[in-house]
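Asker: One-letter residues, chain by chain:
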Amino acid sequence: MKLEIEHLTKTIKKRNILNDISLMVEGVYGLIGPNGAGKTTLMKILAGLQTLTAGSISIDDKPYVHRNASYIAPNTFIGYLPQDFMIYPENSVYEALNHIAVLQGISKKSERQQQIEEALAIVNLSGQHHKKMNELSGGMRRRVGIAQLLMRKPSILLFDEPTAGLDIEERIRFRNLLLELGKQHTVVISSHIVEDIEFLCTKIGILTQGQLRFEGTPEELKQQADGYVYSMNVQAEELSELLMTQDITQINEEEQHLKVRIFSTEALDQPRVIPRLMEGYLAVVRGVGDGK
Amino acid sequence: MENSKLLFAFDRKSMKGAFYVPFIMWAVALLGILFYASIEEDYYTHFIIVQGIFLPFCSWHLVYRYSELLEHGAEDTLFPYYRKWFLYDIARYVILYSLLMMSLLLLIFIKGGVAIFDYITVAHLPILLLFYMFAGLALLFVMKSVEVTLAIIFIYTVIEVVTLGKSGMPWPHIIIFLPPLPEDPEMTKKFTFLFLITISMVMYVAKKVRMF
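These protein sequences, in sequence, are chains A and B.
When we follow this note's numbering, the leftmost residue of the first sequence carries the number 1, and every step to the right adds one.
When we follow this note's numbering, the leftmost residue of the second sequence carries the number 1, and every step to the right adds one.
Source of the hints: derived by calculation from the structure; they are not laboratory data.
Computed from a predicted model, the values in this text were never measured in an experiment.
Even glycine gets a Cβ: it sits at the ideal position worked out from N, Cα and C.
Take the hints with a grain of salt, since some may be wrong.
Unchecked claim - Here are the in silico distance ranges between beta carbons for each label pair:
id, chain 1, residue 1, chain 2, residue 2, range
1, B, 195, A, 183, 54 to 62 Å
2, B, 119, A, 60, 54 to 62 Å
3, B, 123, A, 24, 53 to 61 Å
4, B, 212, A, 153, 42 to 50 Å
5, A, 180, B, 172, 52 to 60 Å
6, A, 51, B, 19, 44 to 52 Å
7, A, 184, B, 75, 24 to 32 Å
8, B, 212, A, 118, 33 to 41 Å
9, A, 51, B, 41, 52 to 60 Å
Kindly produce the complete structure, drawing on both the sequences and the hints.
Answerer: Rendered as structure tokens:
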């Protein structure tokens, strides 16, 4: 499914939180940007939880914001998982999901049971039916969040900072789950962790201060930093000074020295190297890439 | 019907013991009507018991149910569902409380006959029921705390009932403590105020859950 956003603006108290955003969402779409860039606001607008001031949103070319409407029209296509998912802390996973299924309008008990079992199997929580919601780890809670989304069978899944605050093991498990979901759904992932975006996304949008600075494939994003990334060998004792003066994007320990990658808009007397995604992101945020 | 059963069952499970409080207060009101109030001495005490003991607890279940939205991280997930079921939630609790209230009125009728019923009281009780239901939700949305919401409702009610509406507090006195006289201007004022404040509470809550 294709999600198209055109000239979307969100104003709060005369301040533009989102300013004339146009995006074409398909595949697994990564929305990156610093904190306060407007990523969560955009997600919430798409999920119908916040108003928009102007603009249009279409799903498969059908408009879902009608003239003068402040919210996206209610629809079953979009499912949204907030960053801190938690429902019914005192109830078990099964009770919580069963209630959500009732609220989704599934009144047949056997159908609810089947849906819950299927959803829990997808998120690898089959044996955790009876655990209380407040006994689950952050990653497991988020997987329950995905399970309740999947019961609705949405075509577009929105994930707000899905891996933030997870330990390494949970993060890897969660990333793999998102990758699997991306095979059958259109997925939008908002994050400021560039590694996750690199691992998951086929298309990337960069938001800063409510404005879209870049939209394209990961390769196109990398190209934004072409000519600005250098490789340099330094001794361990020189590193502290270098860290103070340059944007070091990677440090590799080698036998005799350290090999560092530097992002610099000023020409350095060092060999240039092929940029990576993080450097492409830096180029866009610093305004040196050519943007869209 | 099946949905109502499922929703009530879930409310009972998630509220645990708190779910039974309005039923306990209904039983207390029932006992009060049966054994405390006297038709001969002051028949209106029967209606004061309904107003002061049972009706304030009609805010209880909805306050607890909608407080789930206040849980950190829950609002974004639950709000679309609660919005969809809002009218249904109101309807099932209005029906439940109305049945409980009518059972108390039936008992009063059996004790005192139809003569002790006047149309002002009969019209006032359902509005008061709606007032407590929506005041509870409105306060919950403003205060964002179950405890504070219920405390405000019960402190108000206790002071009103104990002083029989003569507390001198600068708030509306919406409970009727004396057999109403239709031509009494105070009664008209009380009725109009209760009606208007209930309508504004309904509008406020409906706006909060984006019913319009």
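Asker: Evaluate each hint against the coordinates.
Answerer: The hints, checked one at a time:
no. : hint                        : result
1   : B:195 <-> A:183: 54 to 62 Å : holds (58 Å)
2   : B:119 <-> A:60: 54 to 62 Å  : holds (58 Å)
3   : B:123 <-> A:24: 53 to 61 Å  : holds (59 Å)
4   : B:212 <-> A:153: 42 to 50 Å : violated (29 Å)
5   : A:180 <-> B:172: 52 to 60 Å : holds (58 Å)
6   : A:51 <-> B:19: 44 to 52 Å   : violated (35 Å)
7   : A:184 <-> B:75: 24 to 32 Å  : holds (28 Å)
8   : B:212 <-> A:118: 33 to 41 Å : holds (37 Å)
9   : A:51 <-> B:41: 52 to 60 Å   : holds (59 Å)
In terms of the numbered hints stated before, the structure departs from hints 4, 6, listed from lowest to highest.
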